[in-house]
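In order, the protein sequence lines correspond to chains A and B.
The numbering of the first sequence is our numbering, which starts it at 20 and goes up by one.
The numbering of the second sequence is our numbering, which starts it at 69 and goes up by one.
There may be inaccurate statements among the hints.
[To be verified] So these bits of chain A aren't anywhere near chain B, every CB distance computed over 10 Å:
id, residue
1, Pro27
2, Leu32
3, Glu55
4, Glu84
5, Val90
6, Glu108
7, Glu121
8, Ala129
9, Tyr137
[As the list claims (entries may be wrong)] In silico contact screen, one side only, chain B against chain A (beta carbon under 7 Å); selected entries:
id, residue
10, Val149
11, Leu150
12, Tyr151
13, Phe197
14, Gly202
15, Arg203
16, Val280
17, Val288
18, Gly291
Calculated directly from the structure, the hints in this document are not laboratory data.
Heads up, the beta-carbon is just placed ideally off N, CA and C, and yes, glycines get one too.
Okay, here's what each chain looks like letter by letter:
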Amino acid sequence: MTPTTDRPSTKSLALATVGALLVAALIVFGAVLPAEYGLDPLGTGRVLGLLALSQVQPITMADSEYRTDVVDLELAPTEWVESSYRFEEGAGMVYSWKATGEVSYNFHSAPDGAPVGYAESYDAQVSDRADGAYTAPFTGTHGWYWENVGTEYITIQLTTAGFYTSAHEGRSRASGERRLRDARGQPLR
Amino acid sequence: MSIARLRLVASVLPVLALTLVGTVVSAHPMDDQNAAFVQSIDGPAIFPFLYLGAKHMVTGYDHLLFLVGVIFFLYKIRDVVLYVSLFTVGHSLTLMWGVLGDIGANAYVVDAIIGLSVAYKAFDNVGGFERLFGRRPDPKGAVLVFGLFHGFGLATKVQEFTLSEVGLITNMLSFNVGVEVGQILALTMVLIGLTYWRSRTSFLRHAFATNVVLMVAGFVLAGNQILGYVFYS
């Protein structure tokens, strides 16, 4: 079996292969190197504006005011508390909390205009601490639900720092019961 | 520009565009979100891994371009099945062996070899080995050997994440089956395209040029990975 029916001459074959290497080198050094690695040996990155692609932008300027909060939340056995914050889309915070015992918690958020009881849950576990950074995926209400699942009194110390516009502590609801559901309609644990 | 030349450009541009887009998107690491998901899994998760394997194959242009090269001149469906099976055996072996045996390799080196496998196959397709060296390396053996490298590439991608030992074998088998599902999907598209193109006279006229473009694509893929090795390893 011969691969091709019209077999090229040695000359055209060598030309094609060397040409392929040259074109590939041109693409790699002229486009990939400036766009991906910020190096511009041929000057093409500057001329074609490819250099800008390699500039990582690690800073997001904030529109809202910076605030920090440190709160102590006390929970009797079986008691629960919500800490909610107003975030604009893309705004973020760093947080850290420690509890004197294990609590069942859930970090969730609800976009503005969502149906009553709708929430998306990102982190739901039983633990006595969590540290992290959060960037709001949409404008709305974002925050924790904590529940004391033990038999002792528990204190949670929560530190938040970021660009939320308000913080709210909630221990009761108008309906008197908690009926949060996630995007799949499952009750939030 | 003559019509024939325009047609030629039209036929080779997609290959080049695919390569460029792929290169800019960088060599298909799993999306950050997928990565976070994979790391959070603790236990067997058949369908997520199946999906990830299939996605990797369908969006893995280096594997796709190699397959295009391999079946470019395979007219009989029996040959297509034979060569693709060899490729599958090759990459399945090293995928499982690499992950389960925890054998690490530099991903950039493996991906550079995968890029070169595309160029190799294109060079083989234009009769390069016969012409320049007088004999052609066994194409079946070559597909098997490059299949081994492609599998190793898959393994290094999966290994970039701290995988839980729980359900590892189930998950890896699922990933592998997903790779084959993705390969069948991709292959079907390529075969439809090639079969249609073969029915026209332009196929043989532009076969040489197309394989040269494939060679360029392979060299670009390899070059990109070599740069990655130089700058990130």
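Next item on the list: Hint by hint, work out which the structure violates, then give me just those numbers in ascending order.
Entry: Hints 1, 2, 3, 10, 11, 12, 13, 14, 15 are the ones this structure does not satisfy, whereas the remaining hints hold.
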